[in-house]
Amino acid sequence: MDLKNTEQASMERHAPNHSSSSSIPATENTVWADASPLLETVCKELRDGELIHGDNFNLYAAMSALEYASVDEAIEDGLAPVPISIDKTVDVQCIIDIVDHLLACEATWHKGHSLAQTVFSCAYLVRPERTLSHALLDSYCKVIRATCKAVTTIVSDARTHEEEDLFTMSYGLPLNVEGDEKCLSLLNAVEENISRQLRACKAPLSKRKLLEDIEPLQTNFDLEEGYCKALLCRLRFRKHFCHVLTCMRRPQGRGLELARKHIASCISELGSILNSAEFLMFNAYGTCEDGTEDRTTASGRQAFGFDANLNSRISAPTPPRSIKILSWKKAIKYFENLLHHLDIICSYQLDPSLDALLRFVAQFQKAQPDLVARVHLQLLLVQDGKLYGRYPILAVIIRAARLPEVIMRHDIVKNEYFVQLGQIVINMLKILCTNAAWQRRKLGKILQDWRAIYLQLELAFRKESGEGSSISNGENASAGILKHILIWVEEQTYWIAHRFLVLGFELELYSPSEYCMVYWYLSVVLIRLAEKKHLKMTVSDGSAKQKGKKRKDSPKDLAREARIPPAISFLQCQICLAEGLALLLAALRNELIVLQSPSPFNSEHERFLQHFELLQKACIPDLISYPSFKESTSYARISSVVMYNYFKDAQKIAKEVKSSFLNDPDRLAELRILEQVAEHNSVALNVISRVGALDPSLKVSFEFIHHPYFATVVVKRS
Amino acid sequence: MDEVQEREKKEEFDASEIEYVSYGGEHHLPLIMNLVDQELSEPYSIFTYRYFVYLWPQLSFLASAFHKGKCVGTVVCKMGDHRNSTFRGYIAMLVVIKSYRGRGIATELVTRSIQVMMESGCEEVCRVLVAVPFGLYLFKCSIIHTTISQRKYGFFQFHLSLVLYIIVLNELKCCPKKPIIREALALLIFLVTLEAEVTNKGALALYGRLGFIRAKRLFHYYLNGVDAFRLKLLFPQPELHPSLPMMADRDDAQEHDDC
Chain A
1 MDLKNTEQAS MERHAPNHSS SSSIPATENT VWADASPLLE TVCKELRDGE
51 LIHGDNFNLY AAMSALEYAS VDEAIEDGLA PVPISIDKTV DVQCIIDIVD
101 HLLACEATWH KGHSLAQTVF SCAYLVRPER TLSHALLDSY CKVIRATCKA
151 VTTIVSDART HEEEDLFTMS YGLPLNVEGD EKCLSLLNAV EENISRQLRA
201 CKAPLSKRKL LEDIEPLQTN FDLEEGYCKA LLCRLRFRKH FCHVLTCMRR
251 PQGRGLELAR KHIASCISEL GSILNSAEFL MFNAYGTCED GTEDRTTASG
301 RQAFGFDANL NSRISAPTPP RSIKILSWKK AIKYFENLLH HLDIICSYQL
351 DPSLDALLRF VAQFQKAQPD LVARVHLQLL LVQDGKLYGR YPILAVIIRA
401 ARLPEVIMRH DIVKNEYFVQ LGQIVINMLK ILCTNAAWQR RKLGKILQDW
451 RAIYLQLELA FRKESGEGSS ISNGENASAG ILKHILIWVE EQTYWIAHRF
501 LVLGFELELY SPSEYCMVYW YLSVVLIRLA EKKHLKMTVS DGSAKQKGKK
551 RKDSPKDLAR EARIPPAISF LQCQICLAEG LALLLAALRN ELIVLQSPSP
601 FNSEHERFLQ HFELLQKACI PDLISYPSFK ESTSYARISS VVMYNYFKDA
651 QKIAKEVKSS FLNDPDRLAE LRILEQVAEH NSVALNVISR VGALDPSLKV
701 SFEFIHHPYF ATVVVKRS
Chain B
1 MDEVQEREKK EEFDASEIEY VSYGGEHHLP LIMNLVDQEL SEPYSIFTYR
51 YFVYLWPQLS FLASAFHKGK CVGTVVCKMG DHRNSTFRGY IAMLVVIKSY
101 RGRGIATELV TRSIQVMMES GCEEVCRVLV AVPFGLYLFK CSIIHTTISQ
151 RKYGFFQFHL SLVLYIIVLN ELKCCPKKPI IREALALLIF LVTLEAEVTN
201 KGALALYGRL GFIRAKRLFH YYLNGVDAFR LKLLFPQPEL HPSLPMMADR
251 DDAQEHDDC
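Protein sequences, first through last, are from chains A and B. Number 307 in the UniProt record's numbering belongs to position 307 of the first sequence; there are no gaps in the numbering. Number 144 in the UniProt record's numbering belongs to position 144 of the second sequence; there are no gaps in the numbering.
So here's chain A without its partners, still in its complex pose (with noise of 0.2 Å):
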């Protein structure tokens, strides 16, 4: 077995000479004796499937001794010779085929598998020195590390937890080759080498004679437009690809304009590669039908100088398994979805407002962006602790409490709790940033810092405006910004309880018979984030009033404080929602006794203790509990439901709002779609209770068809 050379292999290599000066010196307990024949023997006993565990060798340890023989031999027996055939033409094709065999494991790297056996698994990338005397294939291969070693980088800065571990491990692989920040530069010139070649073979007969200095790229003068076309824009991706990444890690999302210049010209290369698919695929098989989807090259030739298993020696202590390579198609798609995700990223306008930035990197996630896009969002918005490196995160706060600017430079915001508050925010936007799945077990647990900063503010309010009340009331600043911050502290809170809330939907973590209590609750978070947000509003108009020593309370200014905020009838609209359908649930199953499924250990109570034990730990709401739902849910009826018709109140917000938001598309959009949900379930609602909720032939269900988190309830009859 592996493990018994392996140990016997490095106990030789350990073992000491005791003739010359051995590192470890024998002290007086201890001698150094040679251990050999007692491994000798003991590997002999040893048996196929057996396992040795001690204390401190565990299954993990046995596992990670496992090395299996390198394989670094194939490279030497011919994996990937250079050129790749003498035929240049043969040689330009594989060329092409490795090229797009590299994309594929490129895609799949970035899908979540290791840079060892996706990229690496190219024998021209692990052997830098071999490609040396054939420029295109040492360019590419250049570029290709580069470009690895750039998003590597991206992502271990960004540290996003879960799954930059597998993406960043790079141990052994030749990722810091000397020579390749020179990539471009080469790249340059062999893109232009090939143009001028592909200018030549285009040129009419009577200058081809000027141009006869030029060697062609291969030997088939009929094929070398379609070459010299299909290496162009497969280089210029490249380029453009590299520019892209370095642009976007300009300090201060200074470089997001070129970068969009660069990822529209990366977008059509790929559609020049796409379409290249029909004359590769004719050359390789005299034939433009698609054969397989499962190609991962466009000429659908399996790519030369691959092998799966080339570090699998490095790649311990997970054994290597294989892994299946995206297709070439597939792969095209990712970095068209990546470039065009990396694109709305560039064009946000790095607003100030927290509260536009929370819309936009919510709005963001629902396209479900792959990591590296999801890294570059968040080292753009968090640089150096400053929000886009550009806004203190303090003042970033300040504003989103609606406090004036000149709060700045007061005392109490150098407070130590300002600090922690600046830094639990920073945290919130990183976490904002990663999977949903990450991001939503994240969100639960930062719930209880948010709690925890909330109490220390409280306290310091508590203790600043006992002290005030000793002075005059009016002129005690202190308390006066903290009790703005402890408001927009609340608010805060409730907005990530409802997007922790809501995020289990987009998970599916819910069950059909869980759904009324995660509606009730939602209704209640979503109650209190309006409450708080009017909150804030409202005391920070107040203050903004009395300051602005009191314009003539003119009558239209008194209409305009009566009408409730956008903002908040937008919660509104969705607490209507909410709670239409936490109740039309709750009605159905008191009514039918259906979605009610006894289980054999546990009961309904459990489940709440569960879904939302963070919450609960973190008072979210206070005074929140099991026995407050029952209360609220176990007398609900159909006819009740009804009566209070909570869809028809949510499609009239919705409809009223609209035209506040005209400037907004994304809020805009999803007021639509809240109306089409509410009208849709007022009309279910009405059907079920025509035909009586007892009618057997009545099917109720819940359906995410429009919204992903509010369901519409879709009747049938059977």
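The set of hints was computed from the structure by calculation and includes no laboratory data. Hints should not be assumed to be uniformly reliable.
[To be verified] Chain A regions said to be covered by chain B (calculated; three or more residues, Cβ under 8 Å):
| # | segment |
| --- | --- |
| 1 | 425–438 |
| 2 | 502–510 |
| 3 | 599–611 |
[Claimed, not checked] Interface residues of chain A toward chain B, partial, derived using beta-carbon atoms under 10 Å:
| # | residue |
| --- | --- |
| 4 | K111 |
| 5 | G112 |
| 6 | L166 |
| 7 | K324 |
| 8 | R441 |
Glycine included, C-beta positions come from ideal geometry on N, C-alpha and C.
Following the hints, complete the assembly by docking chain B onto the known chain A.
Coordinates of chain B only, in the frame set by chain A:
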């Protein structure tokens, strides 16, 4: 194709013909391994099974369902503590071959496992109650440390793991209201968790019926790139809720600190 159809064909049998057998020794291992290899996406090595059987013989639980001498289903699980505060029973694997599915064999296997775990849980509670007079120290020492890395290492990626969460009412009733006992019991939490592929509708439905909730989604959990749900089953906690601080008898708490 025919072979697949052959395998998918429903077997005709009576539920009473199924015999449930606890793990009987090495001769069962090849049967279990064959089943798992055949039906689960995740590759496991023989070490994984031995990890369960040999490292925690008293806490491992393997059972199989036999029909006319043929092994048609199996469950592999174990119990241990989690972060020193929760007792967890892990169900590592649950398999029933296709042609025998939909007849309650899996449910029966899981239900039996959970019951065994509950019984061991009760024993654990009793053991703690005995240990209590000697202080919390003993209790903590008695916990077997089982830290397992749950990600990245294929052989540790349990298909499902059970965490039992129970506090036994009878034991509670017979013990005095001493805070130390409450504290010890609060530490002794039994939870049931397990992981299942998000695409495994059958398994999700089965566990849903047993009262499991989908507590988390684990991104790219399996080697095939599929996400997992971590499902959890919480047992009723009569009277005592561990998240409630034991503030009621503050004086008693101080008394306990002295001893």
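Status of the hints after comparison with the structure:
no., hint, verdict
1, 425–438, "holds (count 4)"
2, 502–510, "holds (count 4)"
3, 599–611, "holds (count 11)"
4, K111, "7 Å, holds"
5, G112, "5 Å, holds"
6, L166, "7 Å, holds"
7, K324, "8 Å, holds"
8, R441, "6 Å, holds"
The structure shown violates none of the earlier numbered hints.
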